[in-house]
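Chains as they are written, first to last, in my numbering: chain A, 1 to 263; chain B, 1 to 362.
What the hints contain is simulated information worked out from the structure, not anything from laboratory work.
Treat the hints with care, since some could be wrong.
Chain A side only, calculated, beta carbon under 8 Å to chain B, not exhaustive [what the hints assert, rightly or not]:
#, residue
1, Ile89
2, Asp160
3, Thr169
4, Leu170
5, Ala172
A few chain A positions that, by computed beta-carbon distances, are all more than 12 Å from chain B [said to hold, decoys possible]:
#, residue
6, Leu29
7, Asp46
8, Asp47
9, Cys70
10, Pro84
11, Phe122
12, Leu127
13, Ala177
14, Phe226
15, Glu227
16, Tyr233
Glycine included, C-beta positions come from ideal geometry on N, C-alpha and C.
Okay, here's what each chain looks like letter by letter:
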Amino acid sequence: MRALFANKMQASFVVLGLLLILFVAWPLLRTITATGPVVLWQTLLDDEVRSSIGLTFYASFIATAIAFLCGVPLAYLLARVDFPGKRLIEGIIDVPIVVPHSAAGIALLMVFGRRTLLGQAFGLFGLKFVSAAPGIVIAMLFVSLSFLVNAAREGFEAVDPRLERVARTLGASPWRAFWGVSFPLAWRSILSGMILMWARGLSEFGAVVILAYHPMVAPVLLYERFESFGLRYSRPVAALMILICLATFVVLRLTAGRKRSRV
Amino acid sequence: MKEKLGSMQVRGLGVDLEEFRLCDINLDVAAGEYFVILGPTGAGKTVLMETIAGLHRPLSGRILLAGEDITHAPPERRGIGFVYQDYALFPHLSVAGNIAFGLKRRVGRSDIGERVAAIGRLLGIEHLLHRRPGTLSGGEAQRVALARALVVEPRLLLLDEPLSALDPETREALQRELGRIHRELGTTTVHVTHDFEEAVALGHRIAVLREDRVGDMKREGRIVQVGTPEEIFRRPANEFVARFVGVRNIFRGKACPAENGYKLVTVNGLEIAAVTELEGSVHASVRPEDIVLFREPFLSSARNAFRGQIVDISDRGTVVYVTIRIPPDFVCLITKRSLREMELRQGSQIYIAFKASAVHVF
Chain A
1 MRALFANKMQ
11 ASFVVLGLLL
21 ILFVAWPLLR
31 TITATGPVVL
41 WQTLLDDEVR
51 SSIGLTFYAS
61 FIATAIAFLC
71 GVPLAYLLAR
81 VDFPGKRLIE
91 GIIDVPIVVP
101 HSAAGIALLM
111 VFGRRTLLGQ
121 AFGLFGLKFV
131 SAAPGIVIAM
141 LFVSLSFLVN
151 AAREGFEAVD
161 PRLERVARTL
171 GASPWRAFWG
181 VSFPLAWRSI
191 LSGMILMWAR
201 GLSEFGAVVI
211 LAYHPMVAPV
221 LLYERFESFG
231 LRYSRPVAAL
241 MILICLATFV
251 VLRLTAGRKR
261 SRV
Chain B
1 MKEKLGSMQV
11 RGLGVDLEEF
21 RLCDINLDVA
31 AGEYFVILGP
41 TGAGKTVLME
51 TIAGLHRPLS
61 GRILLAGEDI
71 THAPPERRGI
81 GFVYQDYALF
91 PHLSVAGNIA
101 FGLKRRVGRS
111 DIGERVAAIG
121 RLLGIEHLLH
131 RRPGTLSGGE
141 AQRVALARAL
151 VVEPRLLLLD
161 EPLSALDPET
171 REALQRELGR
181 IHRELGTTTV
191 HVTHDFEEAV
201 ALGHRIAVLR
211 EDRVGDMKRE
221 GRIVQVGTPE
231 EIFRRPANEF
241 VARFVGVRNI
251 FRGKACPAEN
261 GYKLVTVNGL
271 EIAAVTELEG
281 SVHASVRPED
291 IVLFREPFLS
301 SARNAFRGQI
311 VDISDRGTVV
321 YVTIRIPPDF
331 VCLITKRSLR
341 EMELRQGSQI
351 YIAFKASAVH
361 VF
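Chain A on its own, in the form it takes in the complex (with noise of 0.2 Å):
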């Protein structure tokens, strides 16, 4: 602690620190502390608000998934194979998070909505995405899937490739090195890579109320009691979603995070 203070420029760094830091705390804890614990308690016991926040969940863990299954590969070749226009491609998986998410809405429309080819063949098969849980998971995918990539390629460009070299001559073929080897040593980076992303999704609003206002999601039900009812019916629905998003982050974060000095 004495440290921080160690000298006088260090202490007035800490005090502009601090200033950020207040910044954030204090309105999530005035929005916290604003609402009784009887009032979030009616709050958690409204169907309208519960359903709105499994599905944002609900959504959020199938994007992330989907990443996980395509994301996790593409971070590995990345992070082992250098190829002609590889910082294009890495280029484009950051790209989402420099456009406006309403944009990104918007362009996933173009792609996915009721009238276009993709959207018409996914028709087929009963799949919807406009107004529907789909449309909710693509607009989460696209605007999180960045912070699993890059997590994921952080933690195999970590992994010595000598490792799995050495997997290989003890007659490990070339997925069983991945399996045996690298997955492991680089999981660590790719959960947290998987907690960030669930947690950007949860709170995704731009990109999703854009293809999917029904059925709502957490962000957008909140928006939605804003704009009808005022601040005062708002409130209780914000402070309720903070809460449950803090405790999941830190309890993920806690489980997930015990040896970060790694990553």
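Got chain A sorted already, so can you dock chain B onto it with the hints?
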């Protein structure tokens, strides 16, 4: 089951990587041989080893193992064990898990335990089996890496600078271990090193790999001489080998205990006093600059004093190499001035002396 011992041939092998290429590499390693590839520190030797193991695709040439063409076989089908300089143990597995890695899907579960224990005994690491690689010392880690490679009974064992990351004491102990394990298992072994004495102590034969710079970023490696250790340092094929190996007095002999804690190393009937822990079949070396020349017999503190005849005088500018046949032949380094003042000529009778502590036994 593939046959346990494999001879290995490399024919006209060429490899081209971003920073390194190998040209026209030819090697013949007999079944059960301990073969050493010697060369200056650089990336080339590792590239050659990794290519033999199937980890790089060669541009040209063929690799044969036990008569079978394995040039295009994937590494997992070759039956070639690999040990890296810095061990490359799997950090997420225990020592036992590391050793058992290659046995999975090959032998039954109960056999795995037995074979891990057996190889652990052979390498003296039974007490480490439950430990994590991160907690091991360098010497222990390298034993584990050896056990992991040997437990699957490879047809060929590749050792890439296996002793270079170790401190001198551990290195010497593990070097002797390598010799003992090879005698016990007889696995055909290719060992890469930049250390000449290591090569002499272990290798039945040595191949010298030369690396040259070609262009700004690239280096090129080729084999410049293959032969027994004696051939390499007595008859270097060219200037590069001669310079890399240096001028040395290296003898093979038998070390026996003598009075006062000395050891006597008998070389061709000549008894050389030395200070060492080793006994039995050994190598002994004396640096040419540690040998002193006398015209007359002389009482000195040097334990080793012999009479011989000058058979060769080789002028190298300010210094001169004088070869004296005792026998065996000793090469001594003196200044040109001493040569003049002592009036040394080919055929002169001369006395040489060197201290027992100047004899390095390995």
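Quick rundown of the hints versus the structure:
Interface restraint check: Ile89/A against chain B, minimum CB-CB distance 20 Å, threshold 8 Å, status violated. Among the interface hints, the one on Asp160/A holds; its C-beta lies about 7 Å from the nearest C-beta in chain B, closer than the 8 Å criterion. Because the smallest distance between the Cβ of Thr169/A and any Cβ of chain B comes to about 4 Å, under 8 Å, the interface hint for this residue holds. A distance limit of 8 Å between C-beta atoms decides the matter here; for Leu170/A the minimum to chain B is near 3 Å, and the interface restraint holds.
With a least beta-carbon distance of about 6 Å to chain B, the hint placing Ala172/A at the interface is held under the 8 Å criterion. The claim that Leu29/A lies off the interface holds: its Cβ sits roughly 40 Å from the closest Cβ of chain B, which is beyond the 12 Å cut-off. Every beta carbon of chain B lies more than 12 Å from that of Asp46/A, the smallest distance being close to 46 Å; the non-interface claim holds. No beta-carbon of chain B comes within 12 Å of the beta-carbon of Asp47/A; the shortest separation is about 46 Å.
Remark: the non-interface label on Cys70/A is consistent with the geometry, its nearest Cβ contact in chain B lying 25 Å away (cut-off 12 Å). A cut-off of 12 Å between C-beta atoms confirms that Pro84/A is not in contact with chain B; the least separation is 14 Å. Here Phe122/A stays apart from chain B, with its beta-carbon at least about 39 Å from theirs, past the 12 Å limit. Leu127/A, annotated as away from the interface, keeps every beta carbon of chain B farther than 12 Å; the closest lies near 39 Å.
Not every Cβ of chain B is farther than 12 Å from the Cβ of Ala177/A; the closest lies at roughly 8 Å, contradicting the non-interface assignment. Remark: the non-interface label on Phe226/A is consistent with the geometry, its nearest Cβ contact in chain B lying 48 Å away (cut-off 12 Å). The non-interface label for Glu227/A is consistent with chain B: the shortest C-beta to C-beta separation is roughly 51 Å, beyond 12 Å. Non-interface call for Tyr233/A relative to chain B: holds, since the shortest CB-CB distance, roughly 51 Å, exceeds 12 Å.
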